[in-house]
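Colleague: In the order they appear, the protein sequences are chains D and V.
FYI, in our numbering the residues of the first sequence are 112 to 523.
FYI, in our numbering the residues of the second sequence are 112 to 523.
If you're looking for bench data, these hints aren't it; they were derived computationally from the structure.
Careful, some of the hints might be misleading.
For identical chains, the list gives no copy identity; a pair is met inside one copy or between any two copies.
[Unchecked claim] With a straight-line cut-off of 27 Å between C-alpha atoms, the simulated DSS-like cross-links for lysine-lysine are:
# : residue 1 : residue 2
1 : Lys137    : Lys447
2 : Lys137    : Lys387
3 : Lys447    : Lys497
4 : Lys195    : Lys380
5 : Lys497    : Lys239
The residues making up each chain are set out below.
Number of protein chains: 2
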Amino acid sequence: MEHLSVNAAQAIVVRSVQLPGIESVKLEQCLGRVLAEDIRANRDQPPYDVSAMDGFALRSADVANAPATLLIIEDIRAGDMPTKTVQAGQCARIMTGAPVPPGADTVIRVEDTQAVSDTQVQINVTVKPNNDIRPRGEGMRNGEVVLQAGMEITPGVVGMLAMVKRIDVQVYRQPRVAILSTGDELEGLHDPFNANKIPDANSYALMAQVQVLGIQPVLLGIARDEPEELRQYLQQGLKYDVLLVSGGTSVGVHDYVRPTLEALGVQMKFWRVEMKPGHPMAFGVAADSFVFGLPGNPVSSMVCFEEFVLPALRRMMGHTRIYRRTITARLTHEVKHKHSRTEFVRVMLAREEGSYAVTSTGAQGSGILASMSKAEGLMVVPAESKGMAAGSSVTVQLLDGMAYQHEAGGEY
Amino acid sequence: MEHLSVNAAQAIVVRSVQLPGIESVKLEQCLGRVLAEDIRANRDQPPYDVSAMDGFALRSADVANAPATLLIIEDIRAGDMPTKTVQAGQCARIMTGAPVPPGADTVIRVEDTQAVSDTQVQINVTVKPNNDIRPRGEGMRNGEVVLQAGMEITPGVVGMLAMVKRIDVQVYRQPRVAILSTGDELEGLHDPFNANKIPDANSYALMAQVQVLGIQPVLLGIARDEPEELRQYLQQGLKYDVLLVSGGTSVGVHDYVRPTLEALGVQMKFWRVEMKPGHPMAFGVAADSFVFGLPGNPVSSMVCFEEFVLPALRRMMGHTRIYRRTITARLTHEVKHKHSRTEFVRVMLAREEGSYAVTSTGAQGSGILASMSKAEGLMVVPAESKGMAAGSSVTVQLLDGMAYQHEAGGEY
């Protein structure tokens, strides 16, 4: 249990957690969830051969020696069904998305024709069969699986669910998450101002980290350093799928929260990880709940959330992509590393040719919450590193806000 | 207006839209919004010099010739205030986060000491002044600006807002968005099944694309190809900050929706963009509203949303990062390009050494919605491209779901 690496601790967490089950949600509320069922097409789409252009549906043989003048027998709009069969020397005026009439084997766009009269058109070019026709079932075929269980529901998936008219959809249930702060030194958001206290930033930073995943957590409040009060709070927290307990620096998660959790039936899997910030970082398994004991200061607590709680919650939601996206980028300055723990340095990123330049947010003290509010990524300094020189190629985990950039993508 | 490039059209859109104003929201609801005020610290944090370790607060001069045995005069926990002054030969037991008592100038961690009795401790090593002390104001200084107007509210920002006890915060208001589909061929989600109709996927795909930004749009429904009905729907839509109108393939956005919008006072800025999919793509400005005329088929509509509506909505929300993040990656196969429009190819990405391999989702017909549900990115084929060879370095705009990856970041 001593000298547990970040990777090894992550593996324990991710192996331990279980998916809390399946539920049905409305199409309007399913974005970001994970499909728990295969979805099949319930019709051919398009339901018939349709025109891909505004133009004329005709028999290709009739225009083999174009130009040729044809008789317009019908106008077909999207939503109309053709009523006539196109015979030799005939054509139908057709709009994009409208069904190709029987008899016609091709479509020619209006730009390649010339009006002769209301009922006659001159076709100026020859055209092969099946030109500008979208064949029946091109988009989907009745009965085929169009979406697989396990897919994350992105807007494209929502569109496909609407295409098969799924009003409700089976998804993995979201874990219910409770957040508890501990410590006599803490001042609640709505408590009166006391210059000697420390505001409870942890509850709200963790709340927001959970909200990023689309989960609305419950804030249990602040447990004071009083054994029975703490026990009652923890007991309440264990009614949720996931309990996040942070702080309690005066007595320490290891001295006080941990034995109370154990007395409540929680099996602790680990309580220290070789990382900085975040050395005291605990994880336990209860009958119906998973408990994370996070460090007391907000920076450490947030970094531990990123490394352990985030992948756990995403796994519980049914995701297979559970870790923050990483990029390889260029470090702009030296970073010293004189211990044997993995370090997560809060960094800012600047675009440069083909990649990014990485710069520390400044002082990395774990009490400096501004370093998290400015951070665009967490640079990983491996445990065995002897320090990194300016110009080194480094790995950065991208934090929230980095899904978008200032400049338009590419030149076009 | 002819031959308008994607970049030029984006510039028109982004220059035209305006921020709809400022509102106050609760801390619990501010994630993802943009700060509309500077935030100042309202206290020093920490409020006093605090210990960074569990250990002993003492006078460094007393241990210049360590080992030395000192008298323990007090126990100080986080949340306690010291009641005594440390004199020569004395120390105080101190917990992480607790105030350093007067008289003491340094802290030594418990691991470097040895208990002698309940009231005496042997200090084994010498220690410099200010060791393991977090100075008052290290985290923030009373009155300093800790968060700037214009910052996106990430979890780190939420933590900082909680640290300064902001129950409410001023943010840019979200635009109100209405979505309208048009066309006789469309079948609503709750309409009875009709094999000859096409389900209205657009309304829901666009809904989800708007939801990604944290905005809940209003779905106006489907306007049939009937002038007065369309006019009423559009008039209703113009009551919102942004109106998205898609479809109407039977009559065309250019033949029918556009003149109706103009009759309603909308000044059209453009109605065609040199792109594929999405050639018919309109943008107009009304007195209190911005209107996007999107193509009728869902793939084109979604791509146009990505390129034009997304940056517009993010700009209106106050963001400066308004475009999808792009990566440079390796194309695994040839892509032909025989026209002079910018093409957006739906692609999947596979991790490879230092970057990604890019592969088309398959057939790129704009009626093939599956290509959007599988897509992880949009590969940009510039208008002037003569085609791209396998192995080419290409630009890919990352779509939703790509903020996370399968593997843990780095090795640690």
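Colleague: Run the structure past the numbered hints and jot down the numbers of the failing ones, going up.
Modeller: Hints 1, 2, 4 not satisfied by this model.
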